[in-house]
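Residue numbers (this note's numbering), protein chains in the order written: chain A, 246 to 621; chain B, -2 to 266.
What the hints contain is simulated information worked out from the structure, not anything from laboratory work.
Warning: the hint list may mix true and false statements.
As the list claims (entries may be wrong) - Now the stretches of chain B that chain A is said to cover, found in silico as 3 or more residues with beta-carbon under 8 Å:
(1) 158 to 172
(2) 224 to 235
Claimed, not checked - A few chain B positions that, by computed beta-carbon distances, are all more than 10 Å from chain A:
(3) F42
(4) P44
(5) K98
(6) V177
(7) L209
For every residue, glycine included, the Cβ atom is placed at its ideal position computed from N, Cα and C.
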Amino acid sequence: MSSEIAPPVSVDAGDPPAVKIDGVAKSFSGTVALEPVWLKIRRGEFLTLLGPSGCGKTTLLNLIAGFLEADAGELFIGDELVTQVPPHKREIGIVFQNYALFPHMNVAQNVAYGLRTRRVSRAETRQRVREALDLVKLGDFADRRPRQLSGGQQQRVALARALVIRPRVLLLDEPFSALDRNLRTAMQVELKEIQSRLGLTTVFVTHDQSEALSMSDRIAVMSRGRIRQIGSPSEIYDRPQSRFVSTFVGDANLFAADLLGRDAGAASLDVGGTRTSLATYQDECPAPGPVTLVVRPEQCALTAAGEPGTVPATVALSVYQGSYAELYLDCPAAEGGRAMLRVPASEALAAGTTVGIRLPDTGPAVFAREDEGAAA
Amino acid sequence: MKKSLTDHILDCTGRIVIALILAFVLLPFVVVATASLNDSAILSFPPKSISLRWYANVFEYRDFGEGLVNSLKVAAIGAAIAVVAGAGFAYVLDRYDFAFKATLNGILMSSLVIPNFTIGLGLLILSAAAALPRSIWLVVTVHVIIVLPFVVRSVYVSLRNFEKRYEQAAESLGGTPGHVLLTITLPLLMPGLVSGALFAAILSFNEFTASLFVVNQSTQTLPVAMYNYVREYADPTLAAMSVIYVAVVAAALLVVHKIFRLEKVLNVE
Ligand SMILES: Nc1ncnc2c1ncn2[C@@H]1O[C@H](COP(=O)(O)OP(=O)(O)O)[C@@H](O)[C@H]1O
Ligand SMILES: [Mg+2]
């Protein structure tokens, strides 16, 4: 799938991947947590594993870190085969959601832990701890205990502790989900800055699609122990390859439609009685028959009721969002009878107004109805 | 909020029941404490005149002093052995899978259902058969057997609740399993181990039934010395002893509690 995305600038075409996951799989007493996965993580890349809770993200991360032993497959870090290498020899930095700072050590001792295990000299340790704490803007907190710090500060200490050992790969498991929204945004920016400054290969786990879209070089969307699609954020958002990906990443309006045929790249559709023809980005279209048409809210336009070629709908609710309003529409042609559009706040319509939804002539995707069963 | 009549009745009944339970639990101690102040040499209740002479007697009676020293020795050594062995066993139970794991666990826990006198009797027969001297080590052995299951349980529970992310973080930072155990796991489990040791020491200090079988005059523990005393004399000395006993154990608990509070203040958790 879509391996043609431009690699990050620092990457040589001939470089071996920073991490190569070759058919790695994991079950827990018969229950599959991770189906066999193949994945190459590029040097310096920020790769996000995105998926709903329980889809196997942490399992995959624990396999990379060596906390779990794979049932099958092989794992390479750089060109070293590490499948059998214990975690303490993998030189991987890891940051957990609950920080896991050692409560019986102060901030400086926490950060120095990985240097002490490496028998780095005292002078160098002091120097590197200071640099790492400066990097996360906690230079003045070296003597504090973890409990005396806020969640955001604790997470920055955890980051410094992982970075100070100059890891080959940095792994982060939902590191910001315990933080409130403003702090989370600030930390996202900070991490992204540090990561690109150091050119650090990073695997970031989240279930938050907007976090994934805003931070990643590439996103691997997972569900039910499988990677469903890998690509750049825009590729994932603009060209989802399955109904699951299109609905999990970003908002989507789903219309129950009949695919009548396809010629010259344009699919002709019957959307609840409205005939329309549109070009999809898909290389393969489903066979004619019942399909789901996936349209992003911003791809739809609102028209007066009864305009030819539009899908009829009625405004059910208008939700003010500051710069824009979300219009929730009763729309018989939409799955679940509901569609959503965004309009400038000044153009919000009162509930009960009948309108038409104009579908775009290019951009959306159609998926066979069978695919719906695979949605997790 | 307005309460209905039934709520009121339930409320009152609840308070009365709690008061009764408290009284029931504390009653023996209150009776004994009162009796210890009785001036006369019979264990009568309530006392007619007040005196502290039985407290003096506690300190003068030589068997009590020797018994106390023996008891403290046995409790300290026994608790130390039980915590090291129990913690090690609990760690293995928590972290490793091996053949007969369940069986081994079962055998260890079974001493919970084997009565103390059986353990004492067993060791008595064994030591006689092996012609072992009735030394203090025999008493220690019996006490370790008795307290070990409790220690294993309590350490096992702390290990189950232990946040494994700490160890994972330490391992990812290059800590070998042994180094992680020493620098992370053990320090963080320390409160659990200390309270396990204290629990073991108190159990051992109170143990009577099994000790009765394996002690001799020179190794008798305090409870055995008290039992021997009461077989000969029926004066309030033992009542005074009870009060001292409770005061000492309560003081020990208080000290430990203070230490842990101190750790909280120091943010050691
Ligand atoms: N140690 C374990 N024992 C048994 N099942 C587990 C264990 N760890 C994870 N699982 C199961 O594996 C699946 C994937 O879990 P996980 O990787 O933690 O998901 P995610 O991180 O995406 O939320 C879940 O169904 C979870 O219940
Ligand atoms: Mg997880």
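Hint check, failures only: Result: hints 2, 6 break, sorted rising.
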